[in-house]
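Student: Sequence:
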Amino acid sequence: MKIFRLAIVENDEDERFFMSEAFRASGKFEILGEFGNGDQLTEWLHGSPGELPELILSDLNMPGKNGYDIMDELKTTYPDVAVFATSTSSVVSTREKCIRAGARDFIAKPDIFIAYDAFVSELYQLACRYLGG
1 MKIFRLAIVE NDEDERFFMS EAFRASGKFE ILGEFGNGDQ LTEWLHGSPG ELPELILSDL
61 NMPGKNGYDI MDELKTTYPD VAVFATSTSS VVSTREKCIR AGARDFIAKP DIFIAYDAFV
121 SELYQLACRY LGG
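What the sequence shown shows, in the numbering used here, is residues 1 to 133, in sequence order.
Keep in mind the hints are simulated off the structure, nothing from the lab. It is possible that part of the hints are untrue.
Here are the in silico distance ranges between beta carbons for each label pair [what the hints assert, rightly or not]:
{"no.": "1", "residue 1": "Pro49", "residue 2": "Val91", "range": "28 to 38 Å"}
{"no.": "2", "residue 1": "Lys97", "residue 2": "Ser121", "range": "21 to 31 Å"}
{"no.": "3", "residue 1": "Arg100", "residue 2": "Gly50", "range": "12 to 22 Å"}
{"no.": "4", "residue 1": "Glu43", "residue 2": "Val92", "range": "12 to 22 Å"}
{"no.": "5", "residue 1": "Gly27", "residue 2": "Arg129", "range": "11 to 21 Å"}
{"no.": "6", "residue 1": "Phe17", "residue 2": "Glu122", "range": "11 to 21 Å"}
{"no.": "7", "residue 1": "Gly47", "residue 2": "Ala118", "range": "12 to 22 Å"}
{"no.": "8", "residue 1": "Val92", "residue 2": "Ala115", "range": "19 to 29 Å"}
{"no.": "9", "residue 1": "Gly47", "residue 2": "Ser90", "range": "29 to 39 Å"}
This one's a predicted model, so the numbers in the text were calculated from it and none came from an experiment. Cβ coordinates follow ideal geometry from the N, Cα and C atoms, glycine included.
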């Protein structure tokens, strides 16, 4: 089983906690970093972490650099790092906007925190499809 190196960008601390717990429990992801917005992510990336993530899961609506800013910046500075966008919105136009902005794909957040197991499984399947595994 492929284990993907992941960075999470989510400004809601509770959401980030439950998300991280589900990713760790799955055994399918190694979390390299957790960030509250795109500014923190890019500061970390430019600080040359020992290992780059294979994928970044980014919320869309955050203070500072938001998810769209992250997609725009990373497609030129780190083109080999796949960005997957996430939001509570499951509107088709949101997904399409994310794809146009440079995301590999979009995945809607679960309605309740305890439903992150299915979210993690869905992201794993998408990562396997786009990145191999």
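Student: For a quick check of understanding: which of the numbered hints are violated here, in increasing order?
Tutor: 3, 4 and 7
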